[in-house]
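Visitor: Those sequence lines, one after another, are chains A and B. Per the numbering used here, the very first residue in the first sequence carries number 1206; after that it's consecutive. Per the numbering used here, the very first residue in the second sequence carries number 343; after that it's consecutive.
It should be emphasised that the hints constitute simulated quantities derived from the structure, not laboratory data. Note that the Cβ used here is the ideal one computed from N, Cα and C, for glycine as well. Take every hint as true, because none was put in to throw you off.
Quick partial rundown of chain A residues pointing at chain B, CB under 8 Å, derived from the structure:
id, residue
1, A1229
2, I1244
3, L1327
4, V1331
5, L1344
6, T1508
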Amino acid sequence: MEAGTMTPRADRSLLERSPRARAADPILRWTLTALAALILVLIAFFFVRLFIEAKPAFDKFGYVGFVFNNNWDVSKEIFGAWPLVVGTLITSAIALIIGVPVAIATALFVSELAPRRSRQPLVILVELLAAVPSVVYGLWGIKVLAPKLQPAQQWFSDTFSFLPLVGGPVSIPNCFIAGLIMAIMILPIVSAISREVMTTVPSENKEAALALGATRWEMIRMAVLPYSRAGISGAAMLGLGRAIGETIAVTIVIGNAPQVPETIFSQGYTLAAVIANEFGEAASDPTHRAALIAAGLVLFVLTLFVNAIARYYVNRAQRGQRSVPQGMAG
Amino acid sequence: MTTLPAVSARRRITDRFMRSLMLVLTIVAIVPLILILYYLIREGIGAWNADFFTTDPTGRFLGDPGGIKSAIWGTIVMVALASLIAIPIGVGVALYLVEFGKQGTFAKIVRYFVDVMTGVPSVVFGLFIYIVLVVTKVGGTFAAWKGSVALSLLMLPVVVRSSEVVLNLVPDSLREGALALGAPRWRVTFRVVLPSALPGLVTGSLLAVARAAGETAPLLFTAAFVFGTQFDLSQRMNSLPLQIFNDVSQAQDRLVQRAWGAALTLVVLVLILSLVARLVQRRSRLA
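Full structure from sequences and hints, please.
Guide: Set out below in structure tokens:
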């Protein structure tokens, strides 16, 4: 029967669509559901394949041995990832210590103190930092930042040699520079999420503080910071997740020396950097390759863990208001 | 009439100090951006000339190092292919989450794992594609299309999350209006929801494209490095980030010079994409 003809039929009402037309809705629904399911399958597959490929390394060195053994020697085929783990932790710690306070201050300044008209330009400027590719940070870090900061680092190293992890000669590629570059790279996301959380502080709280005679800073300290503490912690954890996984910039500026760094000014290595750097030579050596994949798996699990904590805090802070600032979603 | 007692000097000074400190730290946050742009332009512009954009890297140890034609071409091709994979799937998943899944258990699980994907370091994605497609020698070893697949994995969560935010902004009254007029669900989706969300979807996708264009690590394991301009997607293909990475690790000044020129090109490319994304966003009627 032609669609559109007015001939009535006993089994179907005039307003009802033909079976073929009705099939479109379930098709759309199930196609989209399949796409969503595809993501889950992909991640499961992802994890399983990484694990299978890393298994030879774990079999040879043991799970604990691989992570905690302090010896990464490619020529002797001994792969203990401890120097890489320590390097990752030290550089990420430096990144957080430098980056997070600056990011929070920027967020506070933009959301509470800056004149209204300068807010949007400031936000865009900070977000532009996120647009600079990692490899460009690496190029700038090794060719400009590291040589220029070398004298200042040497002075610091000599003057504060009584502090732990400080002292001795400063090499040009080193852990501190890597941490500093990471700090710049995590700044936009930490700042954006902190700002997002600060906008959820009820203005009643802020106005109440001001009405009681608090100065601007006292208002921030008593109304804004306590309210947004969970969200800021979450933002810092997200930044940590980024820092741990940062690869190319770090590979370029850290010096790639597979030993536990003696000071923050010595060369080091991170889990991500080792994969990028040694992958070429590992192609022909199955044990080495398995070790690099195992390093990738450790990195993966570490970032999963850190991000899970971060999400928990950020979600708690945003309470139902589920939105990540545009462009920061990655 | 009584006047309030003046704020004590100590509190006033603390307030002044903390406010200035925050201003100074905000400036500190912006200084690196200005420094990077300054050095990029100063060092990079010198490398720019007609030959720089129209010749391939020669790979000769001495003499003319060549330009970056193959790298620009490779980046455009691979990112375009990655977008063709990631954007339809990403928008599709976002549609599922907003139109069908809503707050159901399955949708929540999917949302959680999309977040998980966001946090996965790009180097791990590269490693994954390397294991699955390169080591197993699916159609040769290193290939441009494998690089695109790795980049698309990276873009996918960004596209899903940004699309979801935009699709959620489409007012329910529009959907209900269309349904009440007798439109089937798929027509509501394609003729009402997607068109009203389009500018936002474009913005999110462009930002994902900009992110993918700057990624080095996933390409390192998948598309690998090559000098010449490559039109075959099943062969190795050069790209801007890899060209820069390779040139930085060389001790030769003229290669470092080319790295600066390529870096400036890459940053200009990414900034244009981000700028277009913002302009589209501004024209959007939603939000």
